[in-house]
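K.L.:
Top line first, the protein sequences correspond to chains A and B. The C-terminal position of the first sequence is numbered 417 in the UniProt record's numbering, with every residue numbered one higher than the one before it. The C-terminal position of the second sequence is numbered 417 in the UniProt record's numbering, with every residue numbered one higher than the one before it.
Misleading hints may appear alongside valid ones.
[Said to hold, decoys possible] Derived DEER-like restraints, expressed as beta-carbon distance ranges:
1. B:416 / A:136: 56 to 62 Å
2. A:291 / B:207: 44 to 50 Å
3. B:96 / A:314: 52 to 58 Å
Honestly, the hints are just simulated from the structure, not real lab data. Where is the CB? At the ideal position from N, CA and C, for every residue including glycine.
Protein chains: 2
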Amino acid sequence: MSLSEFRPLDDKFLIEYIKSVPALSSKLADNFDDLSVKEVGDGNLNFVFIVSNPAGSFVIKQALPYVRCIGESWPMTKERAYFESLALKEEGRLSPEHVPEVYHFDRTMSLIGMRYLEPPHIILRKGLIAGIEYPLLAQHMADFMAKTLFFTSLLFRSTSDHKRDVAEFCGNVELCRLTEQVVFSDPYKVSQYNRWTSPYLDRDAEAVREDNPLKLEVAELKSKFIERAQALIHGDLHTGSVMVTRESTQVIDPEFAFYGPMGFDIGAFLGNLILAFFAQDGHADQANDRKAYKEWILKTIEDSWNLFYQKFTSLWDEHKNGAGEAYLPTIYNNPEVQLLVQKKYMTDLFHDSLGFGAAKIIRRIVGVAHVEDFESITDAAKRASCERRALDLAKMLLKERRKFEGIAEIISAIRQY
Amino acid sequence: MSLSEFRPLDDKFLIEYIKSVPALSSKLADNFDDLSVKEVGDGNLNFVFIVSNPAGSFVIKQALPYVRCIGESWPMTKERAYFESLALKEEGRLSPEHVPEVYHFDRTMSLIGMRYLEPPHIILRKGLIAGIEYPLLAQHMADFMAKTLFFTSLLFRSTSDHKRDVAEFCGNVELCRLTEQVVFSDPYKVSQYNRWTSPYLDRDAEAVREDNPLKLEVAELKSKFIERAQALIHGDLHTGSVMVTRESTQVIDPEFAFYGPMGFDIGAFLGNLILAFFAQDGHADQANDRKAYKEWILKTIEDSWNLFYQKFTSLWDEHKNGAGEAYLPTIYNNPEVQLLVQKKYMTDLFHDSLGFGAAKIIRRIVGVAHVEDFESITDAAKRASCERRALDLAKMLLKERRKFEGIAEIISAIRQY
């Protein structure tokens with residue numbers, strides 16, 4: 001089927017569509033008798049269908065031209081599906097164990113057909129709320145982040161390849177603008193979309209809007225987000241963009257992908273683990289005080305950074321005589337300068353990650369989009385108390401991030417709030 | 001004339017071409033009897049013809065597909081003429097008093113027809129070597145830099161406009177790569193193109209290649225040059241890209257233009273004034289000890305930054321409630337935070353300018369392309385002594401730039417070398 005214009009999916013049309021696309025119908029052994037189709041999109045932006053029969057399965061994701069939960073009043077380009085498919089393919093090439101395979105992409109229909117992440121895969125955020133440990137999570141996410149960020153940076157690539165891809169992803173500007181608004185702007189001003197656990201956090205939300213040093217720092221991060229094309233970033237790497245089992249970790253939904261600062265991805269992941277940590281007291285009950293689980297989250301935060309650091313620098317060492325143009329081997333040609341350079345790079349990246357992570361925490365507490373970690377705490381007073389601790393930590397991190405030298409210091413700081 | 005493919009100009013074909021382009025032939029009142037055509041390109045990359053008759057005049061600049069002085073062995077895309085014409089038009093729109101008007105552009109022919117900057121306009125570098133004072137130079141250059149940089153930055157523009165133009169100028173990657181090589185790489189390694197005043201500076205050139213802290217800093221600047229799309233920069237704003245009379249200052253040759261860090265332009269201009277300063281002792285003779293002229297150069301350096309600072313921040317104040325997305329007025333909404341933000345921005349820009357300026361000085365002494373300021377000093381020992389002082393200052397500035405708080409401290413430092 002070659003459609004000349006966009007058409008939103010429904011069950012009936014979906015099946016017609018699949019029949020016309022060999023890359024999809026072949027997954028079902030071209031058998032449509034026993035077909036199951038489930039619409040499961042719980043996001044705000046897309047239709048998501050799981051299609052399966054005894055022979056096989058896949059997911060169909062279609063971008064809609066508006067933010068679904070708000071409706072047609074908040075238009076949002078469906079071209080994001082094109083950038084999502086580009087990013088899925090590139091991330092999948094670089095980190096195939098942790099990215100679902102793309103079977104089909106249709107730009108006119110803004111439609112991606114990809115691997116269905118079968119049960120017991122669940123959204124990581126839901127696992128964190130349920131108190132489930134994922135022993136390989138830190139290792140897997142470190143691996144995904146190190147590979148996707150390193151191999152799309154100037155540590156590995158020529159500036160010709162870099163500028164070509166930067167130019168391409170400049171087209172995803174509408175999604176970038178959404179991030180600029182909801183992460184770096186709205187939480188720091190009066191905005192109709194902002195909300196928080198009121199009245200408990202009224203004064204806290206106001207304090208964010210009146211904190212000049214905080215606003216100074218967030219402006220620097222916003223500029224870096226917009227201006228610095230350091231690597232192909234996922235752009236929305238929170239715990240809702242990761243699906244997990246005990247053995248498997250899969251990163252999905254890179255529709256916000258573009259060439260931006262690496263720290264934005266690392267910070268998103270670490271920041272959302274910190275949110276999960278502070279939400280635990282709201283989920284504790286007599287059966288489970290969540291103390292052990294909180295320790296596991298802290299260990300996962302620490303391991304994620306440390307394993308990322310190890311993996312990233314070992315990729316760097318491995319490819320230091322390659323085509324990367326940031327540090328030419330003929331210049332950075334002795335172990336001493338190589339060490340200096342890596343230390344400086346990784347320290348800057350650590351501080352960026354802390355800053356972006358903190359900004360992501362703040363926006364989830366006083367901005368438009370909240371997280372289920374906190375939202376599922378029904379007692380508002382208790383929820384507000386959890387949120388305030390996370391918020392206070394994040395404000396401190398955003399302002400003082402350059403004083404921290406390692407992730408262990410961050411773990412200590414988290415314990416103090 | 002509509003040519004289907006590129007053809008290098010010669011006198012005869014040039015006239016045929018002009019006759020076929022009304023925007024050019026009309027400047028000559030369509031009269032070709034009394035025509036004067038002079039080839040004046042002294043650059044490395046292009047043909048430049050001055051065409052005139054009693055009715056009018058213009059310049060024809062044609063980009064050749066290689067670096068002219070080296071020959072066809074160093075290919076260089078002639079598409080740079082397209083980016084030069086784009087930049088000339090944009091800079092001309094923003095700062096019309098200081099940019100020659102473009103009359104005609106032909107992408108196939110890589111050919112720009114533009115205003116001829118009539119005598120007594122000369123290249124600023126030649127004026128600085130001759131010891132001529134330009135009382136309006138600092139004011140004019142400050143004005144050009146403030147306007148072109150401010151109005152193409154996120155202080156004035158939306159991120160949509162920004163990303164569209166960033167993507168377009170990513171196409172000028174070959175010229176960017178040339179800068180990356182000759183400014184940020186070659187001077188710090190053994191390269192066949194490097195040269196210096198030998199044997200006097202042999203040890204100095206080697207010291208540059210072995211200075212780990214220096215190489216650490218230059219790597220940071222190189223990454224910033226490649227990754228940070230802060231504004232549309234000229235990309236080659238040395239004193240050979242400026243034509244002057246006592247009353248007029250005209251910025252030409254933006255073929256290296258792209259979205260990069262503002263400090264690269266400011267640093268190029270200030271750095272080349274510093275080169276001119278250190279060359280003066282080589283031009284001093286019994287008739288003129290150049291002492292007064294050195295003071296004028298120092299004053300011009302100081303005024304250029306201070307006037308730039310004033311003009312840039314006053315543009316910012318004037319447009320602070322406009323469409324610029326870096327600092328939304330609803331967030332940066334009190335005089336105190338506005339002051340904090342400007343101070344931080346301008347301090348960062350000052351440090352960037354010092355770093356890039358220092359890198360531009362270093363590359364002119366131990367890299368491939370030298371400056372006539374020094375080259376015209378025939379006594380090699382004397383030349384080397386001038387160059388060494390500039391080089392030593394630049395190395396210090398590159399490493400210590402963050403310790404300087406204002407341009408007056410830079411002037412003091414220059415006096416000490």
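K.L.:
The hint says 52 to 58 Å between residue 96 (chain B) and residue 314 (chain A); measuring C-beta to C-beta, is that right?
P.N.:
holds (54 Å)
K.L.:
Using the Cβ atoms, figure out if residue 291 (chain A) sits within 44 to 50 Å of residue 207 (chain B).
P.N.:
Violated: the Cβ-Cβ distance is about 58 Å, outside 44 to 50 Å.
K.L.:
Assuming the hint says 56 to 62 Å, is it satisfied by the Cβ distance from residue 416 (chain B) to residue 136 (chain A) or not?
P.N.:
Holds - the Cβ-Cβ distance for residue 416 (chain B) and residue 136 (chain A), about 59 Å, lies within 56 to 62 Å.
Comparing the model with each earlier hint shows a violation of hint 2 alone; every other hint is respected.
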